[in-house]
Amino acid sequence: MSKIKRHDLIVILEHWVIAFSGIMLIFTGLGCLPLFKRYYITEIPGFRWSADFYLLTKLHYIFAIFFTFMVLFHIFYHALRKDFGLLPRRGDFIASIKMILASFGLMKEPPSDKWLPEQKYAYLGWTFAISAVLITGILKVLKNLEWVIFNPKTEALLNLLHTLFGGFFILVFFVHIFFAVAIRANWPLLKSLITGYVDEEYVKHRHSIWYQRIMSRKNKSQKTRESELDQ
Amino acid sequence: MDISRRQFFKLAGLLGALALTPKEGQAYPGKFATLIDITKCDGCEDEPIPRCVRACREENKDRFPEPIKPIPPYWPRKTYEDWSDKRELITRLTPYNWLFIQKVEIDGQTLYIPRRCMHCDSPPCVKGCPFGALTKQPEGNTVIDHNICFGGAKCRDVCPWQIPQRQAGVGLYLKLLPKLAGGGVMYKCDLCDRRIKRGEEPACVVACRERLGENAVYKFGPREEIYKEASERVKNEGLFIYGDVQNGGTATLYLSKIPFEKIDVKLREMKAVFQMPVVVKNRYLEEINPWGKVILGAGILGVATGIVSGLITRNKKDEEV
Numbered sequence: 173m174s175k176i177k178r179h180d181l182i183v184i185l186e187h188w189v190i191a192f193s194g195i196m197l198i199f200t201g202l203g204c205l206p207l208f209k210r211y212y213i214t215e216i217p218g219f220r221w222s223a224d225f226y227l228l229t230k231l232h233y234i235f236a237i238f239f240t241f242m243v244l245f246h247i248f249y250h251a252l253r254k255d256f257g258l259l260p261r262r263g264d265f266i267a268s269i270k271m272i273l274a275s276f277g278l279m280k281e282p283p284s285d286k287w288l289p290e291q292k293y294a295y296l297g298w299t300f301a302i303s304a305v306l307i308t309g310i311l312k313v314l315k316n317l318e319w320v321i322f323n324p325k326t327e328a329l330l331n332l333l334h335t336l337f338g339g340f341f342i343l344v345f346f347v348h349i350f351f352a353v354a355i356r357a358n359w360p361l362l363k364s365l366i367t368g369y370v371d372e373e374y375v376k377h378r379h380s381i382w383y384q385r386i387m388s389r390k391n392k393s394q395k396t397r398e399s400e401l402d403q
Numbered sequence: 662m663d664i665s666r667r668q669f670f671k672l673a674g675l676l677g678a679l680a681l682t683p684k685e686g687q688a689y690p691g692k693f694a695t696l697i698d699i700t701k702c703d704g705c706e707d708e709p710i711p712r713c714v715r716a717c718r719e720e721n722k723d724r725f726p727e728p729i730k731p732i733p734p735y736w737p738r739k740t741y742e743d744w745s746d747k748r749e750l751i752t753r754l755t756p757y758n759w760l761f762i763q764k765v766e767i768d769g770q771t772l773y774i775p776r777r778c779m780h781c782d783s784p785p786c787v788k789g790c791p792f793g794a795l796t797k798q799p800e801g802n803t804v805i806d807h808n809i810c811f812g813g814a815k816c817r818d819v820c821p822w823q824i825p826q827r828q829a830g831v832g833l834y835l836k837l838l839p840k841l842a843g844g845g846v847m848y849k850c851d852l853c854d855r856r857i858k859r860g861e862e863p864a865c866v867v868a869c870r871e872r873l874g875e876n877a878v879y880k881f882g883p884r885e886e887i888y889k890e891a892s893e894r895v896k897n898e899g900l901f902i903y904g905d906v907q908n909g910g911t912a913t914l915y916l917s918k919i920p921f922e923k924i925d926v927k928l929r930e931m932k933a934v935f936q937m938p939v940v941v942k943n944r945y946l947e948e949i950n951p952w953g954k955v956i957l958g959a960g961i962l963g964v965a966t967g968i969v970s971g972l973i974t975r976n977k978k979d980e981e982v
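Chains as they are written, first to last, in our numbering: chain A, 173 to 403; chain B, 662 to 982.
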């Protein structure tokens, strides 16, 4: 079966570095809340260390290094390349609702481009969740370094907001995981985030707009080659 | 392309070095400090309750917790922290007693040590509270907002002296997640925040002076003056000082004729809940903040590498992404 390239190595790396560091930030962040002692996590063999808030905070910071690097790289890299295909456009909202209903077998999927309309809204959700935790997190780092001194009310609000945005981040994470893992139609997309490729048949059926574009470009370049050979 | 890659690594190295350059996170001291001269404290042995303790309880009685009963346990555990039946206890810190006199016998001498929050210059409780319930005030004191506190007790766990005390069955968690999260409200000395903001002294300081006059144990005043006086007395009278360097510095200085190492050894022997370790590192400043610098460096590096890679590859796109 013929394969079509969906992601290059940089995109795959971006996804998995942000995913892995994000999961670890959720885990260490929940530990910082604190919840682990109460819920016996610290009593699980091998998890005794998770009772130490200083160690959890240090680990939270270490995973934030990778997260911060990759998120900022992602923003500047794709903005300069004008990779705006994941940003929602007119008509995507209705189409994303149709896609979600189709995920549960309630209607037929509308034709899609490279990115599914629901993916675009998921991206928007992630943009908000990640920006919110990242901005408040960086401000907390600056505050803890005492390079920036906030007044007490702002400091309190900042600490609270980072926790609340962390909760929103977790919510978006679970919705994301649900659609990636529980919806069978999305499995080829998950696979492509490891291999970089999707089956041509899958693209033809699910991403017909994208497929037509690929085919017309292919035909165009073939015709150009043929006319070059004729000359 | 090769040159760009080399430039990348150079830039990465430079930014990494910049991020790791030691720039000590300086604790920011507040306006005031308290001197507690334990050479003068007799624990008010001739009175039913030490004056400072009584004044503290009187001053803060309106803020003491009134828990609901029965108090719900911290599910899935069957326990909860309840001091409401021990309101009269004055021999330790509780949610109903934010200052106590610790009695220690050393070399035939009896020491009376008033114990309460040290009001650290760089308080880990404030940095660690995930709900923003704790704040460091410009006056130098650390305050818990009882309306926001969720009672997770993290502030107590990160405090080198385990000062904040928890009462279950009270506070915000009962309205939000009574069963799943939160454990009550944390209580501790706030250095009489309302009083000092009005330009008055903390209640304990006033009460001690009423009893001992010029010979009072407590002295409250501008931080520079208190630190200067303490340091001169250490030099001139051969006293020992505690609180100036512990946890990166605090707004509470103790003076004693007996070295604090000895006092702490004794407290450990006594298995006291509230000890006085002499070596107290501020783990936020020493262990966590260096990683904070690396995060900032990684952010700068992410922007730089994103810009360079974006510029290099922007004309080489074979597909809209």
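It is possible that part of the hints are untrue.
Result set (DMTMM-like, lysine to aspartate or glutamate): computed pairs, CA atoms no more than 25 angstroms apart in a straight line [unchecked claim]:
#: 1; chain 1: A; residue 1: Lys312; chain 2: B; residue 2: Asp818
#: 2; chain 1: A; residue 1: Lys286; chain 2: A; residue 2: Glu215
#: 3; chain 1: B; residue 1: Lys889; chain 2: B; residue 2: Glu930
#: 4; chain 1: B; residue 1: Lys932; chain 2: B; residue 2: Asp818
#: 5; chain 1: A; residue 1: Lys315; chain 2: B; residue 2: Glu862
#: 6; chain 1: B; residue 1: Lys739; chain 2: A; residue 2: Glu215
#: 7; chain 1: B; residue 1: Lys747; chain 2: B; residue 2: Asp818
#: 8; chain 1: A; residue 1: Lys325; chain 2: B; residue 2: Glu862
Don't read these hints as lab results, they were simulated from the structure.
Evaluated hints:
no. : hint                  : verdict
1   : A/Lys312 <-> B/Asp818 : 20 angstroms, holds
2   : A/Lys286 <-> A/Glu215 : 46 angstroms, violated
3   : B/Lys889 <-> B/Glu930 : 33 angstroms, violated
4   : B/Lys932 <-> B/Asp818 : 18 angstroms, holds
5   : A/Lys315 <-> B/Glu862 : 29 angstroms, violated
6   : B/Lys739 <-> A/Glu215 : 16 angstroms, holds
7   : B/Lys747 <-> B/Asp818 : 22 angstroms, holds
8   : A/Lys325 <-> B/Glu862 : 23 angstroms, holds
The structure is inconsistent with the numbered hints 2, 3, 5, although it conforms to all the rest.
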